[in-house]
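Please build the complete structure, drawing on both the sequences and the hints.
There are 2 protein chains.
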Amino acid sequence: MAPSQEGPKEEKTGPAKRPVMLDLASYSSGQRLRSLDLSANILTLTWEDGAEVTLPALWFRDNCPCGSCRHEETLERRYLFLDDAPPHLETAELVGEGHLRLRYADGHGADFDAGWLRHHALDLPASLEADPPLWGAEHEIARLSHARVMGSEAGLSEWLGVILRDGLAILEGMPAEPGEMLKVVRRVQEPKPTNFGPTFEVMTHPKPVSSAYTAMGLEPHADLINYAVPPDFQVLACLKNDATGGGSVFVNAHAVAKALSETSPDSFEVLAQTPVEFRFHDETCDIRHQAPVIELDRSGQVRRLRFNNWLRGTLAAPSWRAAAWYAAYAELWALVRDPRFRVTPRLKAGEMVVFDNVRVLHGREAYDPTSGGRHLQGCYLDRDWILSRLRLAERASGQDR
Amino acid sequence: MAPSQEGPKEEKTGPAKRPVMLDLASYSSGQRLRSLDLSANILTLTWEDGAEVTLPALWFRDNCPCGSCRHEETLERRYLFLDDAPPHLETAELVGEGHLRLRYADGHGADFDAGWLRHHALDLPASLEADPPLWGAEHEIARLSHARVMGSEAGLSEWLGVILRDGLAILEGMPAEPGEMLKVVRRVQEPKPTNFGPTFEVMTHPKPVSSAYTAMGLEPHADLINYAVPPDFQVLACLKNDATGGGSVFVNAHAVAKALSETSPDSFEVLAQTPVEFRFHDETCDIRHQAPVIELDRSGQVRRLRFNNWLRGTLAAPSWRAAAWYAAYAELWALVRDPRFRVTPRLKAGEMVVFDNVRVLHGREAYDPTSGGRHLQGCYLDRDWILSRLRLAERASGQDR
Chain P
23 MAPSQEGPKE EKTGPAKRPV MLDLASYSSG QRLRSLDLSA NILTLTWEDG AEVTLPALWF
83 RDNCPCGSCR HEETLERRYL FLDDAPPHLE TAELVGEGHL RLRYADGHGA DFDAGWLRHH
143 ALDLPASLEA DPPLWGAEHE IARLSHARVM GSEAGLSEWL GVILRDGLAI LEGMPAEPGE
203 MLKVVRRVQE PKPTNFGPTF EVMTHPKPVS SAYTAMGLEP HADLINYAVP PDFQVLACLK
263 NDATGGGSVF VNAHAVAKAL SETSPDSFEV LAQTPVEFRF HDETCDIRHQ APVIELDRSG
323 QVRRLRFNNW LRGTLAAPSW RAAAWYAAYA ELWALVRDPR FRVTPRLKAG EMVVFDNVRV
383 LHGREAYDPT SGGRHLQGCY LDRDWILSRL RLAERASGQD R
Chain F
23 MAPSQEGPKE EKTGPAKRPV MLDLASYSSG QRLRSLDLSA NILTLTWEDG AEVTLPALWF
83 RDNCPCGSCR HEETLERRYL FLDDAPPHLE TAELVGEGHL RLRYADGHGA DFDAGWLRHH
143 ALDLPASLEA DPPLWGAEHE IARLSHARVM GSEAGLSEWL GVILRDGLAI LEGMPAEPGE
203 MLKVVRRVQE PKPTNFGPTF EVMTHPKPVS SAYTAMGLEP HADLINYAVP PDFQVLACLK
263 NDATGGGSVF VNAHAVAKAL SETSPDSFEV LAQTPVEFRF HDETCDIRHQ APVIELDRSG
323 QVRRLRFNNW LRGTLAAPSW RAAAWYAAYA ELWALVRDPR FRVTPRLKAG EMVVFDNVRV
383 LHGREAYDPT SGGRHLQGCY LDRDWILSRL RLAERASGQD R
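Those sequence lines, one after another, are chains P and F. The first sequence runs 23 to 423 under the working numbering. The second sequence runs 23 to 423 under the working numbering.
In case anyone wonders, no lab produced these hints; they're calculated from the structure. Please read these numbers as outputs of a predicted model, since none were measured by experiment. Hints are not guaranteed to be accurate.
Any copy, or any two copies together, can satisfy a pair, since identical chains are not distinguished.
[Unchecked claim] Pairs of lysine to aspartate or glutamate, DMTMM-like flavour, derived with a Cα cap of 20 Å: (1) Lys214 to Asp404; (2) Lys229 to Glu95; (3) Lys205 to Glu175; (4) Lys280 to Asp404; (5) Lys229 to Glu94; (6) Lys229 to Asp45; (7) Lys229 to Asp390; (8) Lys39 to Glu212; (9) Lys39 to Glu115; (10) Lys370 to Asp319.
Next comes the structure, spelled out in structure tokens:
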């Protein structure tokens, strides 16, 4: 690997003179490096507040921000450490406002920004979704102003942050008109299309393809769990809701799963270990997925409940296991119906709810379609895009992380 | 739950007189039931070939195909077993061409089709993707005729089956024109949009946002592993490839992971247990995901390699772990480059490859953009939709499963 032709460079504009990291986020921690120690090709960095990190020379070389190691247009890494001799750090020094300058034995070198280093080596970005609250009936759903979310990056950032933290939030003061939902949603991404289309109309359909399109009550459930990866978030904008009945129900699925694991660990295990087929089919698709009702992540934590009586297919299991599974499922179902774990807002025209289809089950009371109208517009969003848009909003308002 | 008003019913048309299951797939196993045994509310069924299954009464009641237990238009389950007294099977008998008739103590009853029962209680649908072959350099990529895939459901079914089995297949004899890729892809689904758009053009771009849009060689990699759930399949249609270089590389990621687990189990563990951040960002998005390079499923089997040097972000780990991780990653990388695990076709104009972005890494040789042109059109597809379309194609050609 040839040494960078231009050598270490600093940004020439602005007061901070921060090293260029080929990164659009600024990662300004406000913390300068105070000292460093280079020993046996391992570098220890200490920031002004005492925070410290120790990393091998290869870590720095692999993350070299210079224009030959990272593509200046795509911002992607070009350096292939497998093709290079192991890097040997010759010198490390503090430069400018507490930043880091490195020089390797082969002549290569670069400057690292102290804020960037702190973010990438020390302060991990998991905080965006860490430890979601296990709310229950006492939870007051956050309500935010439609105008503020539409009008500023800070408002958008606040809204997306609440959605990620609580798993649901309501926008209010929105025009109750078709098309308004898309205007809000497109601040984040195009709706994620499914077999129900890019958007859908929740109202009484003359020839329903889903129970959602009837006036029936809908028990709490997760949507589209017949997909290997169901949509992460659902949006429902209320255009009309003046029929008798038709209130909404939101259940904290993680709180329900936790309760089951505490009261009936055996039932929890049966539901976490027995795959069931989920299925939706009509003339245009036949989408099926086999998975346990309680879906765990790699670390054994509850990820989602695949709970949806309409989409639940047929259990294929020997008799003794089928009997145990049905008993466990009945226990879980009773907890899903338990008022302790649910909030029951009634959406009004001009309100829009967004909720996490992984962490939150949703349902509705039956309504009487002869007593008035009920019309929601809906669509789905991806977590990746909500997180991405939140980062852009934070970047725009100087709160990068 | 009131008894079904119409009682058990049989389809009146066609020679088979099979019970109506409110299922669009026919599940014709060709096997009749031979005998049954009802004892202590548990039913044992035996088919003509001796296959046998034993299930509790609740299983049958929960899967009751009658129009009051299952919605006749949505085909979704309506029966809520939590609200019902435990069902008691009063009688079970064989009717018609070896089908099953049940009557419960509360008067409810229904007929079950023998083929449907066999499929749902005994023959599981996992066969569509079971035990994918761990091919290596000796693998001959299946080549199928564009005309046949476009012209018949059977051709489409064959193609999708090969893609799911081998993880890659080439269509040949396709017009080398823009827009032809979409015609084929739309036989399955609309392309899955990403931050690169619904489709993308792999050629030398004047201002590339990705290394793919340069003439650089591309080491084998998986696409978009900065998403929590990267796209399942990638499509690349070749419109032109007459530059010097530019051959394709496909590496069996599962074979590579298996080799690492055998030769270096410790390195395998480090890569399977250490999360790394993957990231792509530009002016319009900042999409990041933290996950181990070797991603295991819930049963501890390798699901995917998050292997992509451009999208690999920064490892946040203490020094000793960083050193071990880099050593393990170098071992994996050497195996990714090992000719044993790769096939190296050279796509010609009028050929289109589809490959599994979970099981297969892809790359290309560098090419000389002054020696000729290279232009591929690409897009992504979901596994759910490939499976769904395969089921429809099989349904249309009478091979349901």
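Can you give me the call for Lys214 and Asp404, within, between, both or neither, at a CA distance of at most 20 Å?
-> both (7 Å within a copy, 13 Å between copies)
Should Lys39 paired with Glu212 be assigned to within, between, both, or neither, using CA atoms and 20 Å as the limit?
-> The answer is neither: 38 Å in one copy and 47 Å across copies each exceed 20 Å.
With identical chains treated as interchangeable, where does the CA-CA distance between Lys229 and Glu95 reach 20 Å or less: within a copy, between copies, both, or neither?
-> between (52 Å within a copy, 7 Å between copies)
Up to 20 Å CA-CA - Asp390 versus Lys229, copy category | within (17 Å within a copy, 58 Å between copies)
20 Å Cα threshold - placement of Asp404 relative to Lys280 | neither (25 Å within a copy, 32 Å between copies)
Intra- versus inter-subunit Cα pairing at 20 Å for Lys205 with Glu175 = within (15 Å within a copy, 40 Å between copies)
If the cutoff is 20 Å on CA atoms, where do Lys370 and Asp319 land: within, between, both or neither? Let me know, please.
-> For Lys370 and Asp319, the Cα distance exceeds 20 Å both inside one copy (36 Å) and across copies (42 Å).
Pop the pair Lys229 and Glu94 into one bin, within, between, both or neither, using alpha-carbon distances up to 20 Å.
-> Answer is between: at 10 Å across copies they meet the 20 Å cutoff, but 55 Å inside does not.
Between the shortest in-copy and the shortest cross-copy C-alpha distance, which are at most 20 Å for Lys39 and Glu115: within, between, both, or neither?
-> Classified as within: same-chain Cα gap 16 Å, cross-chain 85 Å, threshold 20 Å.
Lys229 and Asp45: within-copy, between-copy, both or neither at 20 Å Cα | between (52 Å within a copy, 17 Å between copies)
Violated hints, in rising order: 4, 8, 10; the structure is consistent with all others.
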